[in-house]
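Asker: Below, each chain spelled out in residue letters.
Number of protein chains: 4
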Amino acid sequence: MIGYQFMGKMHSHAYRDLPFFFDPALKPSLKAISGRDEEAVKQAAEIMGWESYETDWRRLIDRKDIDVIDIVTPNHTHAEIAIAAAEAGKHIISEKPLALTVEEAEQMYEAVQKNQVIHMICHNYRFAPAVQYAKKLIKEGKLGKIYHLRANYLQDFIMDPSFPLIWRLKKEVSGSGTLGDIGAHSLDLARFLVGEITEVSGMMETFIKERPLPDAEEGLTAQSENSEYGEVTVDDAAAFLARFENGAMGTFEATRFAGGNRNKNKFEINGSKGSVRWDMENMNNLDVYFADSPPGLQGFRTINCTEEEHPYAGAYWPPGHIIGYEHTFINLMHAFMEAISKNEVPVPNFYDGVINQRVMEAVEQSSIQKKWKNISV
Amino acid sequence: MIGYQFMGKMHSHAYRDLPFFFDPALKPSLKAISGRDEEAVKQAAEIMGWESYETDWRRLIDRKDIDVIDIVTPNHTHAEIAIAAAEAGKHIISEKPLALTVEEAEQMYEAVQKNQVIHMICHNYRFAPAVQYAKKLIKEGKLGKIYHLRANYLQDFIMDPSFPLIWRLKKEVSGSGTLGDIGAHSLDLARFLVGEITEVSGMMETFIKERPLPDAEEGLTAQSENSEYGEVTVDDAAAFLARFENGAMGTFEATRFAGGNRNKNKFEINGSKGSVRWDMENMNNLDVYFADSPPGLQGFRTINCTEEEHPYAGAYWPPGHIIGYEHTFINLMHAFMEAISKNEVPVPNFYDGVINQRVMEAVEQSSIQKKWKNISV
Amino acid sequence: MIGYQFMGKMHSHAYRDLPFFFDPALKPSLKAISGRDEEAVKQAAEIMGWESYETDWRRLIDRKDIDVIDIVTPNHTHAEIAIAAAEAGKHIISEKPLALTVEEAEQMYEAVQKNQVIHMICHNYRFAPAVQYAKKLIKEGKLGKIYHLRANYLQDFIMDPSFPLIWRLKKEVSGSGTLGDIGAHSLDLARFLVGEITEVSGMMETFIKERPLPDAEEGLTAQSENSEYGEVTVDDAAAFLARFENGAMGTFEATRFAGGNRNKNKFEINGSKGSVRWDMENMNNLDVYFADSPPGLQGFRTINCTEEEHPYAGAYWPPGHIIGYEHTFINLMHAFMEAISKNEVPVPNFYDGVINQRVMEAVEQSSIQKKWKNISV
Amino acid sequence: MIGYQFMGKMHSHAYRDLPFFFDPALKPSLKAISGRDEEAVKQAAEIMGWESYETDWRRLIDRKDIDVIDIVTPNHTHAEIAIAAAEAGKHIISEKPLALTVEEAEQMYEAVQKNQVIHMICHNYRFAPAVQYAKKLIKEGKLGKIYHLRANYLQDFIMDPSFPLIWRLKKEVSGSGTLGDIGAHSLDLARFLVGEITEVSGMMETFIKERPLPDAEEGLTAQSENSEYGEVTVDDAAAFLARFENGAMGTFEATRFAGGNRNKNKFEINGSKGSVRWDMENMNNLDVYFADSPPGLQGFRTINCTEEEHPYAGAYWPPGHIIGYEHTFINLMHAFMEAISKNEVPVPNFYDGVINQRVMEAVEQSSIQKKWKNISV
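Line by line, the protein sequences give chains A, B, C and D. According to this note's numbering, the first sequence is numbered sequentially starting from 213. According to this note's numbering, the second sequence is numbered sequentially starting from 213. According to this note's numbering, the third sequence is numbered sequentially starting from 213. According to this note's numbering, the fourth sequence is numbered sequentially starting from 213.
Because the hints were derived from the structure by calculation, they are not lab data. From a predicted model like this one, the values you see are computed outputs, not experimental measurements. Hints may contain errors.
Same chains, same names: a pair is fine if it fits in one copy or spans any two.
Lysine-lysine pairs mimicking DSBU-like chemistry, simulated, CA-CA at most 30 Å apart [to be verified]:
{"no.": "1", "residue 1": "K383", "residue 2": "K582"}
{"no.": "2", "residue 1": "K583", "residue 2": "K357"}
{"no.": "3", "residue 1": "K382", "residue 2": "K583"}
{"no.": "4", "residue 1": "K554", "residue 2": "K254"}
With the hints as constraints, model all of the structure from the sequences given.
Answerer: Right, here's the structure in full:
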């Protein structure tokens, strides 16, 4: 695994818990992590249970005892690492967004295809049991023809103007801002549940244009009074309208400026026969409506998706004993291990990463040019 | 009052209840209603408590004992009636949308200005105590600088393809479809709470393009097997992105194809200091978030707006004893009567009707031309 | 109508609105109200639309042009008035609780039976469409055998120790406190929905034992610094366990000391085939669970009881356009008028008042004697 | 660890995850588990990560390399194991309820005191961050004087009459039924948050008195058509009223017959200054009301307890990224390890087990004798 911050911790945890809950065909073996700061990476390896560490990611790729490369570094490094890993014949799992640009993403996809390695992208929200169950209902036609998807991903953690200029707010490191970080999740859920998008019209905004530079010594959250300021070069918020190939209408909004919404990742889908609603802050529940319920008895029912019938849920606790955010990653890693064991490419993979990147690029272009943009598929 | 269907019943009720709950400077006197079907209008007058009736609306305008004309007819008749009423020196209250086109709306506004009559448009949702209280919080700066408004108005009553081609689905009678009928309410709330809109990008769709013609004899809901079909000439659903004069971003969606949502008119507004959320299906409640609540104690609080502090609520029942949809109209009529008694023009009025019409026209144009459109103010 | 405070206003409104929404066989004619303060009763008559007023309730009973006596006075006067009215052959509708004691209640019931007048008691919550629909589901066996009812009625309006010693806090005027005022409503709903109660174990408490006397001149809410104090002689809170005749278990709690709950009157009923939940603060909704929903799709569905299928709801607005507290009274008055027109005794009536009183007396006795008490039926 | 079913899995997981999230002074080392079925216990050890296994729990107690005994066996074995472990000088953590009877519980408590070992009882719900935060608010006086606690623990997993007669339904193995299994949790939360209980009045019921015997070969869920039946000797549902030492009133209900409630463990507490509400099915949230919020802005606020300020939450994911049921155990084990490292007895411990047992015994007695019972403390 390359990188060991928030997502590194999350992935490590998922690998550890996977064999406990499931009976995977392949059990992940935590060989090594890499990071540039030796002291920090050494400590991380110890706490998170990795056998060894490296201070240069290339060493990981050279090692013969490593079959899988897990990329949890800042976005601008994904392409170089993934391509090197693919060429070394390693299977790859990468955090999202796949790359800084469509071009980079396409090169990555080309590399994994050419070298015939298994590849996956970490859109973990697909793996909430409630979302998987929504997919099942849609696939079985229980919602009928889909008319609408409306998706919001609302956060508020950078609303304070004194919040520092972290790497996620710099275009050269992160590629995009809110759109690529959280909007990408909504987009991926939409494609998973409703289908491909053919055209978009976008609107993007940076509300706070300058922020104090992070104080390197003291870390991200402490700024001295005399902080210098730097320019925020990504979007604080993005919204877009979309049309799906199947005729459905989509509305999307992603923002880090929606006070009171810590991590509100939610969607509603309406079809000719029924509707579903989901909200990550209450991720075990799925609200479901069926138009053919008897008159007088029609209404959204709230299903606590913690039963055998709900994908992945049976591996955990008895009905009503809820699971949390981390389980989306355990489930995802389960799908990844299953895929490797069968030598099949799982979904979502680098292809999805490419398409998501294309849609996001179209949203950006549309926002600048003030007109609708088609997505080339 | 001209017209006596759903909205006619609603307005009549509001006039009757107004003096019971408030102590208005002017008490409405229910002089006469008009409608073309003598039998029906006679019966309506009796049930709803009108002293007399007419079968030609022009007779109402001619009558000296009538000071106020209330227009609750289908949209294509608003302009002619309103202009005639204004020229006769009557005060006017009209259902929304004001007219079929911007041009018609402007002529109506010109007429009321020229003849110096009081005028109002029935955007009743402004008058829910919770909405009025949200306005108060915003006006007092409690939410700070506004970043976002997201508004949805979701219904599902025409999802059945056998639902007939009523007048609301014909452009020549209604002007527009979902956008003008319910999207107009979201738009009006947005302008009331956040301010003027400067540009929009829209998307509109008609999912069911042909419907059975209503059987004139049997009324709206019964179609014979051999029904003939007619073309639906308005939108079933509309969505648009908007920028406000003050820099806020707006996202809007109105649809009659969101199964399970009978009348879900809701919005959320996020500002630098706080947020509010409201949903008409639970109209007494306002969710409020303040960013300056102590750490650990931050969260949306649900306020049951049934107390003295909440505008209009004090006139009704003790705290916690909720009011319903009809009270938005009683409150609106109270504002109208107060305005007449003070010889002041209330809000929202025909000016708001004109601006709303301009925004909706820009949404339609934008949807056709696939690019952003400015709103001229 | 005798009395003209909160409930007087409510009843008057219901009479006025009844013919507007329904097409009643009998239309109420608002003949006269009575009250001791001439100035106040005169003004009340005018605002609320009564033709005349009296300052002695006996005059109302003497009047030949009056067929129905509506009792909305403090509880200690109910018996005398009702008995006099019955003897004069008037139909009677009385606010709850019926009387101060079981004995009084029985005398009242005897009087209406002997004189063969129509009688009703104002347990209005039975008449919420959602509650009526719950009754329908239970009656049709949709919930199967009933195992549990849990009912809470939570308020908070007297939590401030400076809240004055109003009549509702004095046993000689009100008979009981929270139990009789709001616990009686829960009890009535329980009997309506589940059946008769055979035994109870109660617990009652007065948290604030002395309160400032109301300043007669200035009204209820203003106390001078030098207020004298008086003893609170009723319960602030009451809870009880109950067994129903059909084997179900009941738990009840009523309090005016549940901060944040303005008027939270709610219940849940669990049966072998399904469950229902209701909450007055969101009175249009009924949550319904069916055990025979397909595995994976089981959950409480939220029904907005505003459709034709929901009792009384069809008389008001289109689906999703909610009604409020006052509609429970309009519906109740409709049932009363229908009953008079058919010369049938409606439910709930004085018999229910007697039984409710017996249960409450058993709760009080049980609380004092610290043991279970049987209810004699 | 002795036992390896549901709770064994849960405890094992907690030990594994503890050092990953926290930096505990003592890291648990998973030495050995015991169980009677060698094949099964061997497999469990492997999957759950235990170094070795035994088929007789006495061997575990004899082993020198084991410092802590974790008891997750059926209730009737707790006492014997715990006393033996205490005498061998092992620290002990036991599942609840502590024992079959008060007497047994007292013997266990005596043993741990005499042998001066650290002891804890697994009332895990205390360790939800939202519950810990509620405790903090109450301790700091933020809710003022406590007037009410109402607690429900509602399940529905044995409503089907064909559900077999598992050990939890037999008094000789489990001691009590719903009361001891889930009512004990509500009781423990009440004592943690409000204080000691001085008297109770209870009501208990067994709705389904006979059930098919489990088919030993096929496990718990499969019964053959020819199943023999056995008597259910514990309660299906229990409710009780309680008075707390500090004057507060408590109402409790625990049932496995509340259809639609899979695991609804919830409570509300009302004090003179504020209220809190919590529901395990949405365990990250705490609803908080403060009576001193400005007029007009009073209402329950929903706090997503996933922030640094919320006890234990900081060890996991960023704000808004929810945790699940298993984290209550990780937190509990953290408290246990901290206690051992400091040689202090943590809470809740065997003393709490004894008191909880006394209250439950009083509830049972009260239910039989039909009168209130005092709790001796």
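Asker: Work down the list of hints and note, for each, if the structure agrees.
Answerer: Taking the hints in turn, this is what the structure says about them:
1. K383 - K582: both (21 Å within a copy, 28 Å between copies)
2. K583 - K357: Both: 28 Å inside a chain and 28 Å across chains, each within 30 Å.
3. K382 - K583: both (26 Å within a copy, 29 Å between copies)
4. K554 - K254: Classified as between: cross-chain Cα gap 28 Å, same-chain 33 Å, threshold 30 Å.
In summary, this structure violates none of the numbered hints.
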